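Model the full assembly from the supplied sequences, consistent with the hints where possible.
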Amino acid sequence: MSRVAHLIALSLCAAALAGCGERAQIGASKLKKADAKPWESASTDYTDSGWKAGDETSWQAQIRTRNQSQNEYQRTGSVTPAK
Amino acid sequence: MARMKFICDSERCIECNGCVTACKAEHDVPWGVNRRRVVTLNDGVPGEKSISVACMHCSDAPCMAVCPVDCFYRTDEGVVLHDKDVCIGCGYCSYACPFGAPQFPTNGTFGLRGKMDKCTFCAGGPEANGSDAENEKYGRNRLSEGKLPACAEMCSTKALLGGDGDVVADIFRTRVMTRNKGSEVWGWGTAYGQPTAAKTEGAKS
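Those protein sequence lines, which keep their order, are chains S and Z.
Here the first sequence is numbered in our numbering, starting from 4 and rising by one per residue.
Here the second sequence is numbered in our numbering, starting from 60 and rising by one per residue.
No lab work stands behind these hints: they were computed from the structure.
Keep in mind it's a predicted model, so treat the numbers as computed, not measured.
Built from N, CA and C at the ideal position, the CB exists for glycine as well.
Do not rely on the hints blindly, as some may be mistaken.
Claimed, not checked - Incomplete in silico selection of chain S near chain Z, CB under 10 Å:
no. : residue
1   : Ala-56
2   : Arg-67
3   : Glu-75
Here it is in structure tokens:
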């Protein structure tokens, strides 16, 4: 009898804990289209030549390289950050 | 790869509006819609600060939370995009967004509100990458060409940085260490000044 009571208590606890879950409470549109990954595109005339279309790793490397072109300290090698 | 992020260095922004122009030209953004704009505080006063603002591609985006038709989605790179075929142009997202990013084109004799338009981090939308349909609805998809947003890449003083959040943060950190100031970027202190002792005491009561 006590075993049954334990089982009931455990299931009640599990049910109560389920209320603490953080589920998304927004509606999910079924009409929304899926988007392609940026590295999946076929090469066009505008595609930068530093990576291979379809290859995620090369795309990520290309983005990181491109990012560093915004870093003039690295681009020119002129300034060393103060310690 | 970390999430894609923008950061604007207010110590460097000279309010040239080059980013705004680059965005407009790159995506053929219609008249009256400003995906990006430059905000200046204390304009004309010595010490004025400017910052370039667009969609911040929030990690927990309020526009996504309030959209009644769930037209928003976030890519694996952390870019917040939306499906214009699902958007009903209600404007809830514009009320929810703290940056004023969602824009609505007005067209027709009665100034009808069109579907929402916003910064896409130059990542297009849910159409085939680089297709005419994508270009027509969302503008150019530079990420799928292995490039970064036009606004950041065009910035003449490199005040506006955009790309992998970790890399962008590293570039900014190097700058701050080199010039020994300007770590506050943008926020309450930059916009309104540091609270004085009297104000702080007053706030306590």
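Verification of the supplied hints:
no.: 1; hint: Ala-56; result: holds (9 Å)
no.: 2; hint: Arg-67; result: holds (6 Å)
no.: 3; hint: Glu-75; result: holds (6 Å)
The structure is consistent with each of the numbered hints, conforming to all of them.
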